[in-house]
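Q: Take the sequences, apply the hints, and build the full model.
2 protein chains.
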Amino acid sequence: MTLEAMTLAHPIVATHQGILDDATEALVARRFYTRYPEVPSTRVYGENAAADGLAAYLAHLDGTYAGLLSQPTDGTFVGCEVSPYGPTLGVRYPRLDLDAALPAALDAMTAWRDAGARVRAAVCVEIIERLHARSHEMGNAVMHTSGQSFIMAFQAGGPHAQDRALEAVAAALLEQERVPESVVWEKPGRDAPIRMQKDYRIVPRGVAMMVGCNTFPTWNGYPGLFASLATGNPVVVKPHPRAILPLAITVDVARTVLVENGFDAALVQLAPENDGEGLAKTLAERPEVKIIDYTGGPTFGAWLESYGAQHGKLVYTEKAGINTVVVDSTDNLRGMLFNLAFSFSLYTGQMCTAPQNVYVPEQVSTDEGVLSFDEFADRLAAAITKLTADDAKAIEVTGAVVNPQVRANSAAHQGIADEVGGRVVLASREVKHPAYPDAVCRTPGLVAVDAADQVVYCKEWFGPVAFLIRTASTAQSLELFTATILEHGAMTAAVYSTDEEILDDARDAAAEAGVNLSENLTQGIFVNQAAAFSDYHGTGANPAANASYTDAAFVAGRFRVVTSRRHV
Amino acid sequence: MTLEAMTLAHPIVATHQGILDDATEALVARRFYTRYPEVPSTRVYGENAAADGLAAYLAHLDGTYAGLLSQPTDGTFVGCEVSPYGPTLGVRYPRLDLDAALPAALDAMTAWRDAGARVRAAVCVEIIERLHARSHEMGNAVMHTSGQSFIMAFQAGGPHAQDRALEAVAAALLEQERVPESVVWEKPGRDAPIRMQKDYRIVPRGVAMMVGCNTFPTWNGYPGLFASLATGNPVVVKPHPRAILPLAITVDVARTVLVENGFDAALVQLAPENDGEGLAKTLAERPEVKIIDYTGGPTFGAWLESYGAQHGKLVYTEKAGINTVVVDSTDNLRGMLFNLAFSFSLYTGQMCTAPQNVYVPEQVSTDEGVLSFDEFADRLAAAITKLTADDAKAIEVTGAVVNPQVRANSAAHQGIADEVGGRVVLASREVKHPAYPDAVCRTPGLVAVDAADQVVYCKEWFGPVAFLIRTASTAQSLELFTATILEHGAMTAAVYSTDEEILDDARDAAAEAGVNLSENLTQGIFVNQAAAFSDYHGTGANPAANASYTDAAFVAGRFRVVTSRRHV
Numbered sequence: 072m073t074l075e076a077m078t079l080a081h082p083i084v085a086t087h088q089g090i091l092d093d094a095t096e097a098l099v100a101r102r103f104y105t106r107y108p109e110v111p112s113t114r115v116y117g118e119n120a121a122a123d124g125l126a127a128y129l130a131h132l133d134g135t136y137a138g139l140l141s142q143p144t145d146g147t148f149v150g151c152e153v154s155p156y157g158p159t160l161g162v163r164y165p166r167l168d169l170d171a172a173l174p175a176a177l178d179a180m181t182a183w184r185d186a187g188a189r190v191r192a193a194v195c196v197e198i199i200e201r202l203h204a205r206s207h208e209m210g211n212a213v214m215h216t217s218g219q220s221f222i223m224a225f226q227a228g229g230p231h232a233q234d235r236a237l238e239a240v241a242a243a244l245l246e247q248e249r250v251p252e253s254v255v256w257e258k259p260g261r262d263a264p265i266r267m268q269k270d271y272r273i274v275p276r277g278v279a280m281m282v283g284c285n286t287f288p289t290w291n292g293y294p295g296l297f298a299s300l301a302t303g304n305p306v307v308v309k310p311h312p313r314a315i316l317p318l319a320i321t322v323d324v325a326r327t328v329l330v331e332n333g334f335d336a337a338l339v340q341l342a343p344e345n346d347g348e349g350l351a352k353t354l355a356e357r358p359e360v361k362i363i364d365y366t367g368g369p370t371f372g373a374w375l376e377s378y379g380a381q382h383g384k385l386v387y388t389e390k391a392g393i394n395t396v397v398v399d400s401t402d403n404l405r406g407m408l409f410n411l412a413f414s415f416s417l418y419t420g421q422m423c424t425a426p427q428n429v430y431v432p433e434q435v436s437t438d439e440g441v442l443s444f445d446e447f448a449d450r451l452a453a454a455i456t457k458l459t460a461d462d463a464k465a466i467e468v469t470g471a472v473v474n475p476q477v478r479a480n481s482a483a484h485q486g487i488a489d490e491v492g493g494r495v496v497l498a499s500r501e502v503k504h505p506a507y508p509d510a511v512c513r514t515p516g517l518v519a520v521d522a523a524d525q526v527v528y529c530k531e532w533f534g535p536v537a538f539l540i541r542t543a544s545t546a547q548s549l550e551l552f553t554a555t556i557l558e559h560g561a562m563t564a565a566v567y568s569t570d571e572e573i574l575d576d577a578r579d580a581a582a583e584a585g586v587n588l589s590e591n592l593t594q595g596i597f598v599n600q601a602a603a604f605s606d607y608h609g610t611g612a613n614p615a616a617n618a619s620y621t622d623a624a625f626v627a628g629r630f631r632v633v634t635s636r637r638h639v
Numbered sequence: 072m073t074l075e076a077m078t079l080a081h082p083i084v085a086t087h088q089g090i091l092d093d094a095t096e097a098l099v100a101r102r103f104y105t106r107y108p109e110v111p112s113t114r115v116y117g118e119n120a121a122a123d124g125l126a127a128y129l130a131h132l133d134g135t136y137a138g139l140l141s142q143p144t145d146g147t148f149v150g151c152e153v154s155p156y157g158p159t160l161g162v163r164y165p166r167l168d169l170d171a172a173l174p175a176a177l178d179a180m181t182a183w184r185d186a187g188a189r190v191r192a193a194v195c196v197e198i199i200e201r202l203h204a205r206s207h208e209m210g211n212a213v214m215h216t217s218g219q220s221f222i223m224a225f226q227a228g229g230p231h232a233q234d235r236a237l238e239a240v241a242a243a244l245l246e247q248e249r250v251p252e253s254v255v256w257e258k259p260g261r262d263a264p265i266r267m268q269k270d271y272r273i274v275p276r277g278v279a280m281m282v283g284c285n286t287f288p289t290w291n292g293y294p295g296l297f298a299s300l301a302t303g304n305p306v307v308v309k310p311h312p313r314a315i316l317p318l319a320i321t322v323d324v325a326r327t328v329l330v331e332n333g334f335d336a337a338l339v340q341l342a343p344e345n346d347g348e349g350l351a352k353t354l355a356e357r358p359e360v361k362i363i364d365y366t367g368g369p370t371f372g373a374w375l376e377s378y379g380a381q382h383g384k385l386v387y388t389e390k391a392g393i394n395t396v397v398v399d400s401t402d403n404l405r406g407m408l409f410n411l412a413f414s415f416s417l418y419t420g421q422m423c424t425a426p427q428n429v430y431v432p433e434q435v436s437t438d439e440g441v442l443s444f445d446e447f448a449d450r451l452a453a454a455i456t457k458l459t460a461d462d463a464k465a466i467e468v469t470g471a472v473v474n475p476q477v478r479a480n481s482a483a484h485q486g487i488a489d490e491v492g493g494r495v496v497l498a499s500r501e502v503k504h505p506a507y508p509d510a511v512c513r514t515p516g517l518v519a520v521d522a523a524d525q526v527v528y529c530k531e532w533f534g535p536v537a538f539l540i541r542t543a544s545t546a547q548s549l550e551l552f553t554a555t556i557l558e559h560g561a562m563t564a565a566v567y568s569t570d571e572e573i574l575d576d577a578r579d580a581a582a583e584a585g586v587n588l589s590e591n592l593t594q595g596i597f598v599n600q601a602a603a604f605s606d607y608h609g610t611g612a613n614p615a616a617n618a619s620y621t622d623a624a625f626v627a628g629r630f631r632v633v634t635s636r637r638h639v
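Going down the list, the protein sequences come from chains P and D.
Okay, so the first sequence: first residue is 72 according to this note's numbering, each after it adds one.
Okay, so the second sequence: first residue is 72 according to this note's numbering, each after it adds one.
Be careful, since some hints might not be right.
[Claimed, not checked] Some but not every residue of chain P turned toward chain D, in silico, with C-beta under 8 Å:
#1 V254
#2 W256
#3 A263
#4 S544
#5 Q547
#6 N591
#7 R636
#8 H638
#9 V639
Hints were generated in silico from the structure; no laboratory data involved.
Bear in mind that the values here come from a model prediction, so they are computed numbers and not experimental data.
Just so you know, even glycine gets a beta-carbon here, dropped at the ideal spot from N, CA and C.
A: Below, the structure written as structure tokens:
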């Protein structure tokens with residue numbers, strides 16, 4: 072049976088043809104496109120969706136995750152998740168038996184490879200559609216592992232992650248279909264032409280490992296997971312020990328859909344672990360593992376990159392950076408301050424895209440007059456204070472603090488200021504959560520420092536720590552912007568200026584630093600946000616990440632082309 | 072000035088639009104396409120082309136390469152090239168002053184980046200066209216550095232390399248133009264839509280280094296050189312100390328064309344060295360160098376891959392492998408034997424695509440009856456003997472032996488046979504070159520060994536060494552084929568069988584091993600050959616190479632996309 076015939080024969084291809092057409096067309100055009108509505112309204116999701124989703128989430132707690140018992144296991148269980156809001160989840164996940172699981176994944180690969188790119192893409196779409204139907208359940212699972220507020224957990228963990236997944240599937244499909252299946256090559260000859268048939272076969276690399284992170288287990292995990300799967304590679308999902316449930320649900324859904332469509336469940340497996348077991352390293356060292364997607368700390372990320380290169384493994388990483396804002400001038404001070412205040416407060420600065428460093432010159436020209444550095448600092452502090460004044464409203468923005476490291480950072484402001492003779496412009500405030508007394512919730516704190524104080528601001532302070540950095544001029548700000556990002560990396564950057572020349576300089580500085588730039592955001596778009604199908608997440612051009620969601624380079628290496636040629 | 076305006080304004084774009092249209096269309100279709108005629112006939116190249124090309128080559132000898140004196144240099148010279156045919160070249164190349172050259176390259180990069188993908192592609196085409204006009208000169212230069220016969224040096228070093236260069240430019244252009252320059256993103260809102268303009272800017276990685284090899288300085292070098300240059304990266308060309316001249320001519324031409332078109336010559340620079348100076352390592356360690364293309368030995372290649380990964384550099388390598396043939400059966404024994412004999416003899420087995428290992432079962436069914444393993448071996452030996460019987464004709468196929476290592480391999484057959492109790496089926500014969508008495512020319516030698524003797528046949532014996540490996544059956548041959556290539560790598564593979572099922576198994580084995588397969592070649596196409604625009608050279612799917620000429624993965628990572636977005 073030819074690949075084409077197989078493709079035509081599988082009913083899932085026709086089912087999801089329309090979605091794939093829309094998604095690939097949107098990706099090529101990079102226009103606005105979303106398949107999965109971000110507002111959890113009853114009108115879209117149904118009257119009972121919220122209650123049903125919560126019930127489904129609660130049903131997981133304090134029990135064995137039965138949907139994964141079909142995986143090869145040694146009979147033991149792991150699971151030590153505690154919600155940043157307080158409650159212990161108590162979910163027990165079967166431990167994956169790697170010595171059985173990895174060969175099973177390789178065994179499953181051949182039929183998946185031979186199914187062809189279009190069948191794989193359609194099966195991936197079906198997985199995403201099923202995940203979408205469980206968005207409220209996922210929202211609760213992400214909320215209680217990441218500490219995000221429910222609305223954010225729903226959006227980022229549900230529809231936004233699903234859009235990113237669909238984007239990766241579309242990118243993978245486009246890339247594979249750029250290679251013709253077969254051609255007749257005809258070289259003019261002295262007498263007759265030489266004719267050869269050349270068949271091009273898409274082959275996967277081997278087993279892919281996706282290492283999930285604590286803060287965005289699905290949003291950061293889906294691009295790699297679906298890019299690998301759609302290009303023919305079986306995937307072992309290694310979740311963060313504190314954020315297993317969202318990826319357990321994901322793997323469970325994927326396995327169900329695969330089996331329903333005639334494929335082996337071993338194509339997607341969950342390898343959960345308890346804190347400190349080092350399973351990602353163990354898996355990285357397995358010879359079957361050929362692709363690694365990783366979001367997490369820079370030390371282990373750098374080890375993965377180096378080890379992978381030595382052993383012929385592809386490694387895509389997102390590590391850490393110092394996201395930067397350059398303030399020059401504005402014609403909408405209130406809009407700018409609110410926008411920045413929200414960006415700092417959202418999920419307590421625990422987004423890899425949250426700003427940390429703000430370069431501010433001695434004088435900031437605004438529609439409310441010229442502000443000195445200190446006046447600007449105080450106005451920004453006031454905007455944050457106002458945004459987070461009401462505890463019940465504040466926690467809907469900040470969510471909860473995810474882990475002890477971020478809790479330590481939350482209390483670090485005075486120490487940082489003392490170290491370099493800076494000023495705590497705004498102290499981080501503890502917010503009482505009305506429903507979860509054990510939740511640790513914080514507002515952002517601001518420390519004013521000098522441009523020379525790189526010792527404190529040139530590292531990532533994950534969480535509610537931001538720096539206002541006094542510079543002599545915007546020109547100096549832009550110089551520091553480029554130099555510090557080239558050295559330390561950044562996922563995002565922003566600039567505020569009313570001067571077209573300075574905006575142009577900022578664009579050049581961003582191109583030089585290899586960072587995506589948002590200009591004069593004063594409305595409902597924030598520097599933290601990256602929309603699937605249009606915004607690249609990261610550039611891969613600075614030390615923060617070697618990959619970008621989702622460019623061609625993110626998918627093109629995940630498969631290889633093997634040719635067979637013969638005379639005809 | 073917008074990028075679009077700059078593109079339109081540069082006359083070179085219109086000049087080469089047609090070539091780029093043809094080349095990109097051919098690459099997408101992977102159909103037969105060549106722009107540069109491979110036959111050095113007077114009808115195509117003109118009456119005086121051969122004489123003029125030879126004269127131009129001779130004019131380089133025993134003197135300073137003046138065309139490169141515009142490069143930054145410390146005033147000293149290098150150059151120790153000796154033709155494998157005997158004569159010393161005596162060309163003196165100015166040594167590149169890296170501390171001046173690398174900053175100059177970075178300075179040149181900005182204008183090159185801002186010129187846009189289409190201007191860069193057109194300038195690259197102009198460079199290739201100028202190189203084409205010097206194909207006869209290049210043929211002589213490649214002949215006397217690689218040891219190829221003139222006709223082969225002309226083809227592989229001239230038009231075939233130029234086609235590969237054009238292919239890389241086309242691939243790079245296609246990839247960059249997949250990213251729109253600017254879009255308006257419109258998100259439906261409750262009241263009015265949110266509209267943002269997003270500008271996507273192609274940015275280069277940094278300085279690229281291309282490390283040339285001794286045997287195919289241009290053919291193996293041009294894909295990386297032109298892929299990097301076309302994506303905006305300045306290139307430092309580090310030729311093999313024994314094959315500088317072909318790349319000196321290349322760099323000279325490139326610099327001339329760049330300056331003529333308003334760009335800085337520092338975008339392409341030559342960094343020549345004498346044997347043993349270790350300049351490639353020095354360059355790899357320079358922080359400015361962000362991309363490395365390498366063809367050469369596996370030890371240094373592996374170091375580059377590992378070092379590169381640790382320091383955020385992209386590394387594309389082609390190292391070593393054991394190219395493999397599976398013989399099962401044939402309906403054209405004479406055609407098959409001639410085809411194999413030619414593949415072994417061509418350039419004395421010094422192509423990275425030349426076969427080395429031939430798996431042969433106890434019985435080979437042919438149109439001349441069933442042959443035993445030993446009968447088959449003797450028939451292949453006879454075919455090689457016949458092909459190379461006449462010295463004057465033989466050296467047109469074999470060329471000369473490139474270096475002392477290959478000379479040592481040429482004499483290794485009996486020792487190899489003795490080590491494992493094998494049989495020298497055909498001794499390598501010294502061929503006298505009629506014109507160059509000091510040339511070392513050899514015919515291929517064959518050693519018959521057993522499938523168990525992996526100790527000798529599972530390493531690369533670069534040069535005129537081939538193994539006939541006795542297996543119990545074709546099934547065992549295919550098992551060994553996959554296992555040995557997965558472990559040791561291969562650039563090419565071939566199979567001979569009249570059995571469709573076995574051919575199908577061979578295709579599966581090749582897909583599993585990640586190697587391109589030629590089936591039943593008995594006519595004028597040889598397993599060693601890979602045609603630009605249609606055949607991928609290497610797959611990147613086994614240890615022989617991590618890259619493939621020219622797939623999307625070869626170009627997609629050489630640039631990054633930086634977005635700037637703002638409300639409109």
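Q: Against this structure, judge whether each hint is valid.
A: Hints, verified against the model:
Interface restraint check: V254/P against chain D, minimum CB-CB distance 5 Å, threshold 8 Å, status holds. Because the beta carbon of W256/P sits about 5 Å from the nearest beta carbon in chain D, less than 8 Å, this interface hint is met. Residue-level restraint check for A263/P is violated (minimum Cβ-Cβ distance to chain D is 10 Å; threshold 8 Å). Checking S544/P against chain D by beta carbon gives a least distance of about 21 Å; that is not within 8 Å, so the hint is violated.
For Q547/P, the interface hint is violated, the least distance from its beta-carbon to any beta-carbon of chain D being 20 Å, above 8 Å. Interface restraint check: N591/P against chain D, minimum CB-CB distance 6 Å, threshold 8 Å, status holds. Hint on R636/P holds. Least Cβ distance to chain D is approximately 6 Å, under the 8 Å limit. Below 8 Å, beta-carbon pairs count as interface contacts, and H638/P has one with chain D at about 6 Å; its hint therefore holds.
Given the 8 Å rule on beta carbons, the hint for V639/P is violated: about 11 Å separates it from the nearest Cβ of chain D.
Of the numbered hints stated above, those contradicted by the structure are hints 3, 4, 5, 9, listed in ascending order.
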